[in-house]
Structures are given as C-alpha cells and as structure tokens.
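Protein sequences appear in the order of chains E and R. Heads up: the first sequence begins at 557 in this note's numbering, then just goes up one per residue. Heads up: the second sequence begins at 7 in this note's numbering, then just goes up one per residue.
Read the hints as simulated data drawn from the structure, not as lab findings. Predicted, not measured: the structure shown is a model, and the values here were computed from it. Positions of the beta carbon are idealized from the N, C-alpha and C atoms, including for glycine. Misleading hints may appear alongside valid ones.
[Said to hold, decoys possible] Computed footprint of chain E on chain R, listed as stretches where at least three residues anywhere in the stretch have a Cβ under 8 Å from a Cβ of chain E:
no. : segment
1   : 460 to 472
2   : 830 to 840
3   : 933 to 945
4   : 1002 to 1011
5   : 1023 to 1029
[To be verified] Here are the simulated DSBU-like cross-link-like pairs (lysine-lysine), alpha carbons at most 35 Å apart as the crow flies:
no. : chain 1 : residue 1 : chain 2 : residue 2
6   : R       : K364      : E       : K894
7   : E       : K644      : E       : K852
8   : R       : K550      : R       : K584
9   : R       : K1051     : E       : K894
10  : R       : K898      : E       : K894
11  : R       : K751      : R       : K550
12  : R       : K584      : E       : K894
13  : E       : K894      : R       : K637
14  : E       : K892      : R       : K1048
15  : R       : K1044     : E       : K892
16  : R       : K637      : R       : K339
17  : E       : K852      : E       : K739
18  : R       : K1048     : R       : K898
19  : R       : K339      : R       : K455
20  : E       : K695      : E       : K775
21  : R       : K1051     : E       : K892
22  : R       : K637      : E       : K892
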Amino acid sequence: MGRTKKMVKEELANRPDNTAFTQQRLPAWQPMLSAGIVIPGFVIIGLAFIGIGVALFVTSQSIQLLELDYTGVEQTSPCFKCSDPNAKNCMCELTFSTDTLFKGPVFFYYGLSNYFQNYRSYGVSKDDDQLSGNLDNFKSPSDTCAPYEYDRNNKPFVPCGAVANSLFNDTFKLYQIVNGAKKVVPLDGKGISWWTDYNIKYRNPAVTPLKNAFNGTVKPLYWSKPAYELDPSDPANNGFINQDFLVWMRRAALPDFRKLYRRITDGDYAEGLPAGNYSLQIAYNYPVLSFEGRKKVVFSNVSWMGGKNEFLGIAYLVIGSLCVVMSVVMLIVYAKFKFPEEE
Amino acid sequence: MGSVASYFGQLCGGEEKKEEERHLRANDRPFNLSYNYANNAIKTSKYNIFSFLPCNLFEQFRRLANAYFLFLMLLQLIPQVSSLSWFTTAVPLILVLSMTAVKDASDDIVSRNCNLKNKYLNNSVLGQKTVTMSRLKEHCFLLILYHLRVVACTADANLSLSGEVRCEPPNNRLDKFKGTLTLDGQTYSLDNDKVLLRGCTLRNTEWCFGVVVFGGPDTKLMQNSGKTTFKRTSIDHLMNVLVCMISFIHQIFGFLASMCTVLAIGNGIWEVREGSVFTVFLPRDEGVNAALSSFLSFWSYVIILNTVVPISLYVSVEIIRLGNSFYIDWDRKMYYPKNDTPAQARTTTLNEELGQIKYIFSDKTGTLTQNIMTFNRCSINGKAYGELFDFSGQRKTERVDFSWNRLADPKFMFHDYSLVETVREGNLEAQAFFRLLALCHTVMPEEKKEGELYYQAQSPDEGALVTAARNFGFVFRSRTPETITAVEMDRSVTYELLAVLDFNNVRKRMSVIVRSPEGKVTLFCKGADTIIFERLHPSCNKLKEITIGHLNEYAGDGLRTLALAYKDLDERYLEDWKQRHHEASTAMEGREERLDELYEEIEKDLLLLGATAVEDKLQDGVPQTIEQLAKADIKIWVLTGDKQETAENIGYSCNMLREEMRDIFVVAANTAEGVKEEGMVALGGLLTSVRSCTPFLLYCSQAFALEKNLQMELLRTACMCQTVICCRVTPLQKAQVVQLVKKYKQAVTLAIGDGANDVSMIKAAHIGVGISGQEGMQAVLSSDYSFAQFRYLQRLLLVHGRWSYLRMCKFLRYFFYKNFTFTFVHFWYAFFCGFSAQTVYDEWFITLYNLVYTALPVLGLSLFDQDVNDRWSFQYPQLYTPGQLNLYFSKKAFVRCMLHSCYSSLILFFIPWAAIYDTVRDDGKDIADYQSFALLAQTCLLVVMNVQLCLDTDYWTAVNQFFVWGSLAAYFAVTFTMYSNGMFLIFTSSFPFIGTARNSLNQPNVWLTIFLTSLLCILPVVAFRFILIQLRPTINDKVRHKVRKEALPAPTPRRPPARRISTRRSGYAFSHSQGYGDLVTSRKFLQRLPLWSRQAPFTQTDSPLAQNQPQHYRTIAEEPEESQSP
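Just need the whole structure built from these sequences, with the hints factored in.
So, in structure tokens, the structure goes:
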C-alpha cells in the first residue's frame, strides 16, 4: 500500500498545489453597484454634506475679517507718496474704524498679491544646511542659492538665496485713537511661526556672540541689517530664528498670500479690538508696484476650522444638494429602465 | 553612434554571409571545420560572461522606454532644467534595469543548459560512428545519409572512406535536394531519395552509415520553422502584442509634448509680462531671456509630466503578466495526470492576448485527434458485431479476453464476445474477413523478440485493422517481397504474394492477389464502400443492403468505414493478367492508365465479406471545446496535411461541421483560374445564403499559392465562414495561412499543434500553443503555451485569457487614470506658479507614488480581480467577445479615462486651492504655505486613488484589502517619518518638509478638504456607472447580476454521446496519396537483422525505407512507440 502511494506521488510529481491562491479561488466579497446601495447612499451622503456645509458656513460667517490695501496705487491713498520707488524710509498712516468689538485673539497679517513665492527657481534658492546653522555652508553656500550665493567680492551671502534676500521688511505699528490720542495696541511677535521651524528646521550656529559666526560673510543684498541684528529689542529673536524671518521663509503656495505679522493678545486688547478708530503706521519699504503687486494688512480672528474661508461650507452645501438631486434622478432612471432581468 | 550600434549589433548576434554551395569531406574534420558550417547545437543563448553586461545594457537601452528614461535622467542633471532631483527617475530606472538584467541572465542560463543537452553529434559521422537510429531521432538532427548501397560497396575498405559531398546550401524545401558525391573518383548524383531529414525515423535497421550535411539551424526542419530558430524575443512580443498600447503611448507622448508646449508658451508669456518686472526679487540668470526661459521650462515640464508613462508601468505590466502566467502553470484543471504534465506558460508576455483571440488555427493529428485508431465494430456477412450501448450510453458488454491467443496484442480492446466465438467456431466468412485484414495491407512487421510483434503502418487505420485481425487469430507475422506469412488460428500459413494493386486517391481501394499453400488464388480487396459496392457480384445484392444499413449506423457514430470483398481467381486467367500487367508496368507510355485499366478489369464481380468501422479517436472533450469556443465567437480553422475526406471526417466528428450545414464550399482546384472560379462560387453562395454564418469552406493548398488580390478575395470569403478546413497544406503553408489572416484581418490569432510540422504555424501566429505529449518537444519548444490536451484550450482562453485581458485592461485604465490625474494637477498648478515647473507635490512623494504608495493595490487588483468565477465563464462563453473587440481598452475607453483624469485633477487641484486660499490654522499660523499645500494635495490624490481603486475592484480578497489599507498606512507612516525631526537632522537638505505633516494634518479643515475631494471625485463616477448599468447593461453586468441571484451555475447538460449522421464517410483516408505497395513488393525494403547476428550487415541492405515527408513518418512512428511503453 505504502509503495503504491509513493508511486502515485512520484507519478504526479508535477501536479500543481491545490490551494485557494494557486487555483484562484480566494474567498472574496463581490460588491455591485445595485440600486439598493447606490440610491440610499447618495441620499445619506447628501444629507450629511448639507449638515456639514451648514455648520461650516455658519462658522465661517462668524469670523470677523478686516482687510486694508496700502499699496498706494490710488492717489487718494495715504500711502501714495510712498509708492515712488525713490522714496526712502517713507512712512504712511492708515486709519480705520470698527463698529463692534473685533473679537480676540486678533491676528494681524500682511498680505501680498501677484507675488510668486512659488516660482521654482525662487523657491529652491536657499540653503537648508546653512539655515540649520551649518558653519561650512556659511563659507560656501550651496549652489542652489544662485544668484544670491556670493557677492561681487566673492563673499558668501548669509543667509543666501532669493527667498531670504527678499525678506518682507515693511513694519507696522497699530494705535487706537482714544479721544484724539493715539494709544499703542501692543503687538505680540512671539510664536507666530511653526514650532518645528523655530525649534528644529532653523538653527543658529552655536557661536556666541552670534555675530562672530557671520565673520567673512555679507548680509543679503536687500537687507538693511545683518541677520544677527534683525530684532534689536530681543537678542534671542535674531539670526535664523527671527520670527518674521521664519514666517517669510515658509514660502506661500499661491501668488496671493497672507502671512502672520503679529498677534493682539495682550493688555486691554486680549478680548479683541473694541469698537472705535484705529491708526496703522506703516514703514513702507517693500517695493511691489514694479510688478503690479499689492500689499495689504488683514485683521482676523479664527475659529475651530481656521481662518475665514466660505468656500468649504458652500461647497459642502452645493454638493450635498446635488447628491440628493442625483439620487432622485437615479431613482427615476432605475424605475423607468430598470436593469433587464433576463437577456 | 551608428557605428557603435552596429558594433554592438555584431557583437550581440550579427548576420552571416550567404552560402552558395556546401562542400564536405567525409572523415576530414579539419577540412569541414574550415567552412564554419553550423553544427548541431542550436544556439539560443545570447550572452557569455564577458559580453553580458555591455550587451545586455545595449539591448535594454535599445528599448525605447529605457532609452527614454535614461534621457530623462540626463535631463535632470542639467540644473537649469532640473525641476526634480535626479533620484526621482534614477531609482526606478536602476531598479528596472537590474531586474531585467537578472531575468535575462536567468533566461540565458536556462537556454544554455538546453544547448548542452542538444550537443551530440559532430558535423561528420561517416564511418566514425555507428549511430543508433533511436538516438538520432531523439536528438533531432538533420542527417543526410549516403545511399546505403554506396556505403555497402566500400564497407570492406575498413570504413576509411573519403567521399566528398557537394550540395546545395541549406534551404527549406522538403521535396528537393541536389548534390553530388565523389567516391573513389566516381561521381554519384544525390537527390531527395538519398537523404534522411531531421525528424525522420529509420526503420528496420539498427544502424547505418551516413554523413551529416546540414546540422542544427541549417536542417530543413529548422529552416522550415520560420526565420528565427527559437522563440521570438520578448521585445518583439511586446511590440506585437501591445501595438494598441504602444500607439496609446505615442498619443500620450504627443499629448505630453503638446502640454509641455502649452506650458512653455505660458512661461514665455509670463516671463514677458510678470517675470521681467519681478526681477527685483527674482533676478534672471545672465543671458536668459523670455525665449530661453520658455525653452528651458519646456524641458523642465518634460521631466515633471513624464509621469504619465512612468517606468513603473513597464515593471507592473511585467509583474502582472508573470503572475497571470503562473496561474496558468498552477492550474490544476489544466494538469493532465496521465502523463504528469501541467500546463505551462512559456512566455509571460502574451496573457492578455489570450483574451482577444479571434482565430484559432489547429492542427488535426495529435491535436484534435489522439492519432489512435481503434477497431470498434464490424459487419460480417450481414451480421453486426461490436460495442453495444443501452439508452443511457452505458456499455452493455464486457471487454473480450484474448488470452487464448498468445500472439494477441494486449492493448487491443473489443467488446463483443460473440465475434470471437464466431471466429473460433470456424465460421468461414468470419475467417475470410480476418484473413483479408491480415493479408491486404502494406504494413511492415517487426518482431524483436519471439512473439512480440510490432506493426509499422503507414496510417493508423491500417495498423488498427491488422491488429484486429491479429487478435482474432489471424496474425500477420512477416513478409518478404513474394510472400506473406500469417498465423491462422495457431497454424502458420505462408501465402504467395502475387500482386499488390495499390491504393491511390482515385481508386480508393487496394487489393492483393495471393496464392494459398493449397494453391487457391484469391484477390482480397478493401476500400471505400461506394467504390466496392460498384464492383460487387450481383449475387451479393441482398447482403449489400444489410451491410449498407450497418454502414449507415457506423457513419452515424462518426466511425470511419471500409468495405471488404474478395474474389477467387482462375489460375489461367491470372497468368494472362499477370502477363499483361507486366507489359503494362514496363510500358513507356501511358503506364498509369494501362495499369488502372487492368486493375479495373480484375477488381470486379467481387464477393462482399463485410465492413469494418474504425474510430479515429478524438481527444477527450474536443467537440465540447469546439462548441464552447464557437459560442465565444472564435473562428476555428483546421490546417492539416491530410486529404480532404479525412479532414471532412474530423470536421464532422469534432462538431465543427454539422449535418445542418448544407452549404459546404470546396475550393480544391489546382490552377489559379480554377481556384478563382470556385472561390467566386463560394462567395456568391455565401452572399445568397440565408444562414450566412454556417457554411464551411474547404481549401486546398493550391489556393494559397496565388497572387495577392486573389488571396484577399479568398481570405474574405473564408473569413465569412463559420468553419474553415485547409487540407493538404505543408508546414510552411500553414504559416502562410496564419500570416495571411494576421495581416489582413488584424485579428489576434492562435495556432495550436503538437508536431514538428506545426512549428512554423505556431511561430507565425500571435500565440502559439503546443500540445505536449506524444510527438516530442518540437512544438512545445517553440510555443508560448503548452499543455497536454486540446480541451484545456477552452480554459486557457475562456478563463485565463479572459481574466488576464480583463485584469490588464483594468490595470491600464486605472494606471493611466492614476498617472494622468497625478500629472494634470501639475498642469493646473502651472497657471499659478508662473509656469516655472514647480511641482505640486513633494519630490519624495513623486518618487514613491508609483513605486510604493500605489504599486501594490493596483497589482492586487490586476492579479486577483475576476468579474465572475471560472464556472460562470464557461457557462457564458459570450463573456469572451468584448475582448475580441478590445472593448475594455480601446481608444474610446482611453479617451474616457483621460477625461475622467482631467475631471479628477481639476477637483484635486482646485478644491484644495480654494479651501486653502487665504486661510490659516486654528491658531492663526500659516497653512497656505507651499509645503502644507503639497501635503494636502498629495494626500487628497492618494485617498482618491485608493477609493477609485476600491470602486474598480470587483473581487475583494483579503489581499486586496490588505494592500489598500496597507498602502494608505504606509503612506502616512512614510510621510510622518520623512517629515520627522530625525530625518531632517540626518539628511538636512533632502527632507525640507520637516514638520509639515504634524502641522497641517491636525487641522479639521484639511481633513474636511480631503473628504470633500474624495467624494467629489468618486460620486459622479458611481452615479455614471449606475446609470450606465441601468440603461445599457453589458454582458458582464448581466452575468454578474445573475451570479448574485444564483449561487453556482447549473451543471452543463451532458451531451448525447453520438450524433446521427445520414451521410456515410469513407474511412479509407490515409494521409498519403499513394500506397506503399511498390515498396512492399520491391526488393528494396530492408530486412531486419536478428539481434544475435554479428555478421557483416551489408549483404542485403539496399534503400532505406525512408521518405522525405516527416509528417508522414510521424504516423508510422506512433504505433511502435505506443506499444513499447508498458
């Protein structure tokens, strides 16, 4: 018996294994787009979307937003005088008023339009090694920084590259006009950048004083002050971990963008900006008119879903309604044509 | 460059010079070697160790795709252009090149091993070696033997011959050979009779002398098997097979180029309008103006947008094909336990073509039939014997025990005991019946051991009849030119063979005239029933009627019938006849006619003995398979070397021809005009015929040796027919037929065969299938798929082919969708980034998207998906037809896929764009930055792609689930890892996206955006598909709907075992036109030497019993080979 069994085995040596996998019989679930699933599915999704949409829309509506263009294109604009490219150290002042309390915390943004931070050769023009405090890259920046790699005297730019070079350098001061007197609204510039940028991605070299690390380098072409003197008021807010620098270096995805400038969280204004008149003093330095760019300041508060953006809410509402309409259409089609049962 | 290419071309297998005459000297090795003739090794390996790397790389970069990717990689090294890091292309390219190289190397090693097995003989064997014939056959060389007489004369000279052969160069003509032999100063002419072709078997001798004239690839058989000596290379296949895909790719490239052009122009405009004034912050490089910038941006976009056809496409296609080939290898239902042969996919590149077959070209012998004839029934003197069946098709009678006859063939089976009793009782008619069968034939006996008889019959029919006689006690034992010795009921009787009136196509009968030891002279005649009945003595009329009844019954069962008759002759008349016969056969003029007249004269007033019915055994399941394939709208052409009657017979028995097909058109004329005329008639008939799909057209070989327009005409006619049978075609003509259809019908063809004569056809068709089994390995070696039984073809096509095609199409559609969408997003983004070739996604995402994130789910889809299972596929062969029309991946489907991608990419770009526009995080910080946007866009994309995949998957196995969820999980895991602090600290410049994932994926609006894009991409597809199913359900939808209702298809009803056919078909359908009567009666045939004899073997040797048509010899070889294996 044993022998015959063995012989049978030998005879069938090439017989393929009988497994579900080799025989393509793996157990499987075979769903189909049947009316019983599709039509109720659409209804449910549609209703859910309408619900989400309403919530989003209401939330978005509750966010207050104030936008002020200060490019100075129109002659009436107080900043018109500064739009002359030859004007140096020009200051202009914008006034605005709020009817109601602008609920806090209020975020103070600057915005640029038609500004291509996302242009490829602009975007790659920086040296991450240098910005993470690698001293070797201070002396010889990566060639990605071109054309802001070395100056005419062949001294390396630190920080090198077009992104750093074009650091936004308008500054703002906000006053509330209380009884004709200007009362300073304190602006908080701490913690406006990403935690990871501040703590990990950008590092100053471990040299004290910081200035020594920059020996043999030059400041970027457009900068008025070297990197280690960006914030004279706070020595810790200098070099590559200067908050404004960090915000600027996180380049925008689209040519119209806004970046966080300050937060209004302190003192009398912790609850928000009370109704009243305000004056914004602008040190107008940043040239945008040559390429038809626009500059603006934005005051906004946020909700659980971030800044004001009505798109999501409306999109959810529209799509939700379309789903419901579609389910009706499908029901009609199903009722009328119905899948032919027999061929 | 050109010279380098040609250098490599030579190095890696170049052309040879043309040979004008072949010149060989026997036993002069150095002389022969000086000509560098091909030796017997058939070289199929391409590389050696040193040439491997350069040659293989050269080969690989000759592929358009690889060269293209190399070019892209080089492009990325130019900093002004490089929009992506070089590694995004280099990593996949290196992966692909090394994988292909490993595969090529292993293929090469396999074929090298093959070569080693093949090396056996050197170019010259004359006198040096006696070679046993069996080994010669085994090793398949073309061996041209000297006329043995020549050898015999000079054998005394101690085998030190110095003959010199001059002959024609290698060619593919089987019927011609021209050359001279110079021996001892005398010149002998060599012609076709004096050579033995590769594949032939030499009978009745243990050894012989010869000289090898053509070896290896020069042999006529190899020359006949098409241009290449081995399988087509896979690149050819790729080109052939994916013609449609390639054309898509061309379109894609055109599309890509136009997209790049649009973007480059956009860049030019932007540079003029915006860039020129934006130089404050983004100064231009020196010497770069708008035009140059635009030019550079063109190439940058070429780099970015090339993801429409990523290199992973090729890799994935290879993997899918490999997987689907393995399924074929693994399929138990295509495994033949009898000789332990599993099905084998020998090429991995053709699986999806299996789902698109429109024409099948089949060999007959050994493919449709087993090439085994069995003596099933007979009618003797008006009484029918043979198997009896009851109504359920069960056999009622037991197998007859032949142990009383010690010379009986143990494998012979008969199921009617009454016949044995009748014979043993001494019934004269029955004895005469079997005596006739034992005497009237041209079979050669071989008795290696006492009592162990082997018959070598020129056709299996004859062998079956003689074997039947042997088992019933009339054993044909031996023959000489003048005598036939038989053992009749244990009594040895030697008959004097007076004449053989041979078989030919016109006569359709053969007779022998013998004188028994008692001196009685008898003419035994067997032949086609109609022919015999015309020549019967009127006294047999009553018997004739009864026999006709039996014959009708046999024919109805699909058996091949012969009528047997005899006549006692008068001695004096015979003397006179013989005299006239001698005169006629030596006459110079009109010999044939005079002989025919003489035969006609003596073969009359015959007395009917009865009739035989021989079954040409079909392989199992052939009629069912053919029926299934016909239902799947596959046209089957049978190409056979047999003659018309045989072909027609087989057509009936395997269900290709049915009684109701009345319009059978035969185009059999020998001249071009005749063919044209007949073809026109057929065409006319077709056009007027109501049932235009049923007719059958029979072609003869002549039809294809025509001028072009006529060929076209015939082809058009033939293609309108349900069934086409081409008979009397040579191996090369088989290939021509296939090529003709391939060329003019633009349909996918499949050729199936088992023998060496099918090789050229197998190679010519898109797909070649070899039946592995009795005929040796020739067909299998050159085939793409092989299995043991014809019936597995339906599983190969209807299940494996269909699934492969379905999967490949699904794969392609999904893959193109996935990559088009991916790429189009870049296109939209271009309008917002100054056409600067800024990528939307992270570079790492671009690198890993095809390689990791989406690789496995789509592989899962294309390895496991099935619309319905195999049983339903058999139940509804119509499911196969969409493949033939290439509905699943046609231009229309492709355009639809593009539009779908376009829509999805719009959603995938603009929804995140709008959602992120001017918005911030919930702590007021930035989220509209480039990195967050990139992450959002890529996450949306990946989620949508996975959901879409789920929607496309019909067959959800655990593996699919695992792949989909695993890929998503892998994406998040990899993303968080790459954007982690650690990675940034180690590879600072490579992972600039640090923190992006943490900072944006914790925002609710990011997830709301992802959710919105996913549903917005998917819901319209769902709705569209749902409505389409309702409005225009495809056959797949219908069957799937049915599957949901019924668990399993009802078992197919059993077919009734036999069909009643009213017309009788003659069984005298040998595959030769002329019998071997001459050979049998001449002194030319070889006397087999007893084994014990050690004396010089040259005394009687004469002409080898060899002919130059190997396909005929196959049939002769069959019988003894069968019986030798226990």
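Hint by hint, here is what the structure shows:
Given as covered by chain E, the segment 460 to 472 of chain R fails the check, having 0 residues with a CB less than 8 Å from a CB of that chain where 3 are the minimum. Residue count for the segment 830 to 840 of chain R with a Cβ under 8 Å from a Cβ of chain E: 3. That meets the three needed, and the coverage hint holds. Check on the segment 933 to 945 of chain R: 8 of its residues sit with their Cβ under 8 Å from a Cβ of chain E, so the three-residue criterion for coverage holds. As drawn, the segment 1002 to 1011 of chain R meets chain E at 5 residues by the rule of a beta-carbon pair under 8 Å; at three or more, the given contact holds.
Check on the segment 1023 to 1029 of chain R: 3 of its residues sit with their Cβ under 8 Å from a Cβ of chain E, so the three-residue criterion for coverage holds. Pair hint K364(R) plus K894(E) holds up; C-alpha atoms about 33 Å apart against a cutoff of 35 Å. Taken as a hint, the K644(E) and K852(E) pair is honoured in the structure, with Cα atoms around 20 Å apart against an allowance of 35 Å. Simply put, K550(R) and K584(R) have alpha-carbon atoms about 30 Å apart, close enough for the 35 Å limit, and the pair holds.
Of the supplied pair hints, the one linking K1051(R) and K894(E) holds, its CA atoms being roughly 16 Å apart against a limit of 35 Å. Straight-line distance between C-alpha atoms of K898(R) and K894(E) comes to about 26 Å, which keeps the hinted pair within the 35 Å bound. Note on K751(R) and K550(R): the hinted pairing is violated, with a Cα-Cα distance of about 50 Å set against a maximum of 35 Å. For the suggested pair K584(R) and K894(E), the alpha carbons sit about 86 Å apart, so the restraint of at most 35 Å is broken.
For the given pair, K894(E) sits about 28 Å from K637(R) by alpha-carbon distance, which is consistent with the 35 Å threshold. Distance restraint check for K892(E) and K1048(R): the Cα-Cα separation of roughly 20 Å lies within the 35 Å cut-off, and the hinted pair is therefore satisfied. As the CA atoms of K1044(R) and K892(E) are separated by approximately 18 Å, the hinted pair is consistent with the 35 Å bound. Taken as a hint, the K637(R) and K339(R) pair is honoured in the structure, with Cα atoms around 21 Å apart against an allowance of 35 Å.
About 22 Å separates the Cα atoms of K852(E) and K739(E), which keeps this hinted pair within 35 Å; it holds. A threshold of 35 Å between alpha carbons decides the hint, and for K1048(R) with K898(R) the separation of about 28 Å falls inside it, so the pair holds. The hinted pair formed by K339(R) and K455(R) fails the criterion: a straight-line CA distance of about 41 Å is larger than 35 Å. For the hint linking K695(E) to K775(E), the alpha-carbon distance of about 13 Å falls within 35 Å, and the restraint holds.
A distance of roughly 22 Å separates the Cα atoms of K1051(R) and K892(E); the hinted pair therefore holds under the 35 Å criterion. In summary, the hint linking K637(R) to K892(E) is supported, as the alpha carbons are separated by about 32 Å, within the 35 Å threshold.
Violated hints, in rising order: 1, 11, 12, 19; the structure is consistent with all others.
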